[in-house]
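Student: Listed below, chain by chain, are the residues.
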Amino acid sequence: MDQSEIDALLSGGGKAPKKPKASAKAPAVDAAATPVAPAPAAPAKSREAEKDGPQKDGRGHVISELDTVTSVTERESNKVMDQLDQISRLVSRQQRLITDMMSHEGTQSPGVQSAFHEVMVASKEIQDKVFESMDLMQFQDITRQKLERIVHHLRQIHDYIAELLGTGLKSDAERPSVSHTIAQTGTTPDENKAHADAVIQAFKSLKKE
Amino acid sequence: MKILIVDDSSTMRRIIINTLSRIGYTDVVEGENGKSGLEKLGQGGVEMIITDWNMPEMDGLEFVKTVRGQNPAIPILMVTTNAAKEDIVEALQAGVNNYVVKPFTPDTLKEKIESLLG
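First to last, the protein sequences are chains V and D.
Here the numbering used here is used: position 20 in the first sequence is 4, and no number is missing along the way.
Here the numbering used here is used: position 116 in the second sequence is 780, and no number is missing along the way.
Check before you lean on any hint, since a few could be wrong.
Stated by the list, open to error - With a straight-line Cα cutoff of 20 Å, these simulated PhoX-like cross-link-like pairs (lysine-lysine) come out:
1. Lys188/V to Lys729/D
2. Lys191/V to Lys749/D
3. Lys774/D to Lys666/D
4. Lys729/D to Lys191/V
These are calculated hints, taken from the structure and not from any lab test.
The structure presented is a predicted model; accordingly, all values stated were derived computationally and were not measured.
Using the sequences and the hints given, assemble the complete structure.
Tutor: Here it is in structure tokens:
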């Protein structure tokens, strides 16, 4: 088996990704200056990966395709976050308008005030649900890290076979930091909180002694 | 209070920023890895750090160790998917003050921040 066959095992002939992970990320922004940042445009890498990843003839590099998935899901998650931000702003605006209307002379009858109150309660519920939805978007980061772990294993297999055959051709640069315990991480918020808190507590107690 | 958030996921940074703004912290700066985190920290004014662990270029653990070499007092909260006991201990030994495993609830983040500042 030569290098091209090894590559074929993993790729079907596509190009390996060339850019480091950092380029897939949106540039950091100063949140104080832009409290609600719009979703970053498609990262350069994701556009490249989308172009270079799945081939028109149906073939695609496994690693490259996984890279594409992580880039695209991050970009699309940010679009969802943008929409949620937008809903949040609209609800806030609605609440301000109703608060203004509640103080107008013509809206002081108990029936009207009660109706306004109902709308305000409903608005608050919508706002809470929006925030809850934003928090649930953490699944994207966890899924991304799980995929990166798979990519890590694929690279190891690739390099192991390459070394066995003495081709000296290693896969592209490994990501510098990949979670070793991501397989145990679920998507339920705070499912590891009690465990982490217990470890912290034990560590601090030991330190005190 | 200015808080530095270091995470390579832009989605995750937004989630943390949203959570912080809901509990009254709106002065936030961002870094996408340890290296850019150090740059932001060097610009001054940061009073607390929230950092991820698994990041390219410079990971969170190296970042924490570097920060601790320069600033032993600044509160650091690590927010990561690494849930193993040995990971948590390693982070605490590196100088992290508290630790949150993703995914988290806003209440947990609030609780941890308040315990660090309290």
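Student: For lysine 729/D and lysine 191/V, compute the direct alpha-carbon distance and say whether it is at most 20 Å.
Tutor: holds (18 Å)
Student: Holds or violated: are the alpha carbons of lysine 191/V and lysine 749/D at most 20 Å from each other?
Tutor: holds (16 Å)
Student: Given the proposed pairing of lysine 774/D with lysine 666/D, does the C-alpha separation stay at or below 20 Å?
Tutor: holds (15 Å)
Student: Check the hint pairing lysine 188/V with lysine 729/D against an upper bound of 20 Å on the C-alpha distance.
Tutor: Holds, at about 18 Å.
Checked against the numbered hints listed earlier, the structure breaks none of them; every hint is satisfied.
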